Amino acid sequence: MTSLALGSRGGADDVGAAPGSTAPTATAAASTATAPTASASASAAAAAPATGGPGSVTLALADPDRPPRRPVPKSLRRLLGPALLVAIWQVGSSTGWIREDVLAGPWTVLHTGYSLAADGTLGDNLVISLRRVALGLALGVTVALVLALVSGLFQLGEDLVDAPVQILRAVPILGLVPLAIVWFGIGEEVKVFLVALGTAFPVYINTFAAIRGVDGRFVELAHTVRLGRLGLIRRVVLPGALPGFLVGLRFALTISWLILVVSEQINASSGIGYLMDQARTFGQTDIIVVGLAVYGILGLLSDALVRLLERRTLVWRRGLEAR
Amino acid sequence: MTTAPATTVPTPTATAPAAAAPAATAPQARAGDGASQPAVRVRGVRREFAGREVLAGIDLDIAAGEFVALLGRSGSGKSTLLRILAGLDSDATGQATVPERDAVVFQDPRLLPWARVLDNVQLGLRHRDARARATAALAEVGLGGRERAWPATLSGGEAQRAALARALVRSPGLLLLDEPFGALDALTRIRMHSLLRDLCRRHRPAVLLVTHDVDEAILLADRVAVLTDGRLSLDEPVRLGGARHRADPTFTALRARLLTELGVVDDEASEGDGHQAEYC
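Here the protein sequences come in this chain order: R and H. Under the working numbering, think of the first position of the first sequence as 103, with each following residue one higher. Under the working numbering, think of the first position of the second sequence as 1102, with each following residue one higher.
Rather than coming from a laboratory, the hints here were simulated on the basis of the structure. Predicted, not measured: the structure shown is a model, and the values here were computed from it. Please note that a few of the clues may not be correct.
[Said to hold, decoys possible] Pair ranges (Cβ atoms, derived):
{"no.": "1", "chain 1": "R", "residue 1": "Arg-180", "chain 2": "H", "residue 2": "His-1304", "range": "18 to 24 Å"}
{"no.": "2", "chain 1": "H", "residue 1": "Leu-1288", "chain 2": "R", "residue 2": "Arg-168", "range": "36 to 42 Å"}
{"no.": "3", "chain 1": "R", "residue 1": "Leu-410", "chain 2": "H", "residue 2": "Gly-1343", "range": "55 to 61 Å"}
{"no.": "4", "chain 1": "R", "residue 1": "Leu-407", "chain 2": "H", "residue 2": "Ala-1240", "range": "37 to 43 Å"}
{"no.": "5", "chain 1": "H", "residue 1": "Leu-1288", "chain 2": "R", "residue 2": "Arg-171", "range": "40 to 46 Å"}
{"no.": "6", "chain 1": "R", "residue 1": "Arg-168", "chain 2": "H", "residue 2": "Asp-1286", "range": "45 to 51 Å"}
{"no.": "7", "chain 1": "H", "residue 1": "Ala-1253", "chain 2": "R", "residue 2": "Pro-166", "range": "32 to 38 Å"}
{"no.": "8", "chain 1": "H", "residue 1": "Gly-1257", "chain 2": "R", "residue 2": "Gly-318", "range": "54 to 60 Å"}
{"no.": "9", "chain 1": "H", "residue 1": "Ala-1237", "chain 2": "R", "residue 2": "Glu-322", "range": "25 to 31 Å"}
{"no.": "10", "chain 1": "H", "residue 1": "Asp-1286", "chain 2": "R", "residue 2": "Leu-394", "range": "57 to 63 Å"}
{"no.": "11", "chain 1": "R", "residue 1": "Lys-176", "chain 2": "H", "residue 2": "Pro-1214", "range": "26 to 32 Å"}
{"no.": "12", "chain 1": "R", "residue 1": "Thr-356", "chain 2": "H", "residue 2": "Asp-1286", "range": "32 to 38 Å"}
{"no.": "13", "chain 1": "H", "residue 1": "Asp-1349", "chain 2": "R", "residue 2": "Glu-322", "range": "34 to 40 Å"}
[Said to hold, decoys possible] Listed below are several chain H residues computed to face chain R (Cβ distance under 8 Å; list not exhaustive):
{"no.": "14", "residue": "Val-1205"}
{"no.": "15", "residue": "Leu-1213"}
{"no.": "16", "residue": "Pro-1214"}
For glycine and all other residues, C-beta sits at the position ideal for the given N, C-alpha and C.
Chain R extracted, bound-state conformation:
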């Protein structure tokens, strides 16, 4: 008589090695199971009566009387690491282990940030930086959308537009800085231009792919209900491509700050990047860190903005009955 051992993991006794004896089948499981009922069969041929016949395994299930554990909220747990880091940073600065001219301490940074905000320096430069990003984004996203529509909807458009865009995409945007300065000088235009160029690519690529990725079955449906070309674009293609566009927009926002930082630190007389670059010449690490923090917050805010936009426009995805 042979018996199958369920759940005998690990190299425990070979199943059915002892002819005629069926008891060893339970030992392999008993070595791993923690339930008290299973441990009774280690050597004795008579297994615990509560378990099934030979070759069966008792599963360790939860005790219904166990009091439920109240877990620490995830958001709180996620704050632990950053808080610890700031604490170490503060201790390091206070004890002189981290020198002030290498990295200002958190408290100093907070203090500097407050005074910069109070005297208006931070606000003024922030507005200038925001304006550059907004203009660049508006320009870049608009152009990218138009190009994506042209190449996504028309074969001729794809032939004319897509290949050049894919080639240009290979050029690192920041490599264009010298040329951009030659073209636009060092005024506002060059910064807006670079942001626009940098944001246009992700929006174009994602929107184009999304348009081409619209389910062909829906296009068929549009044909059977006689939607017409315009109706097809308006009711099927554009809504279908919206998620892809929003992905591109999210990339674009991240890139826009990246490009702004660099272009403001290379040639500018205002803006957050300029503030930081000026601080560098005087070794004011506290102002530099303030600038970094502002960039970080702006990045977070803009990402939250797109996610809000996604929630509002893609309600159908979550399957919620709005209202």
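Assemble chain H onto chain R, guided by the hints.
Only chain H this time, still in chain R's reference frame:
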């Protein structure tokens, strides 16, 4: 391509048969309720895919208000014929005339996920009272009150009923059903059958139902046709009247004949003369 004297019909639109010759109606065409000429008229329709001839000259008439079920094994080309009639296949040759207003229900509900149910139903409608019509159609299929729901929140049966409403709201002269209940569970399918029967009785469109479910075909259709090797190998009326039961001897006899025609040996019916029998 075979060079038959056939004219290509890229999009078979409402052009009534140029030469209305009532004498030349095909034998299987039955005069509908007072209609002198069939709603659908298919002559010599051929279609090949990569050299394989899927449809090898189909002749088919469907009278106005007639319900025709088209059976065939998978890959037999039955869906291809339906797609040709829906104007979704521009590479077929031959002649096909269909009513100006047709509507298709696919196997998947094909509701636009980003449009609410009501907007899905009135998609492409240009009537001034499109909204009211769509609301009425939804109520008719039992989805009244779900107008503002998103398709993702509907069950499979509800979504297919919405698709049915989308088809009916167009008051089609021809309703094309491409295995519309194939993806539904058995219980939902039974309810959809009776709903479809009611709707067809009320609206009287010509119907072409493509299915591989023999029982479904016999339960619903006025006429059943079987597509084998690119031709209609069987085409006959279902003489069962209004209330149909699977236990009816006429039902079982027709069922057995259709299964044999489809090359299936049905152990349950013990009709053991399965010549050329072949499981698919």
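Indices of hints not satisfied (ascending)
1, 6, 8, 12
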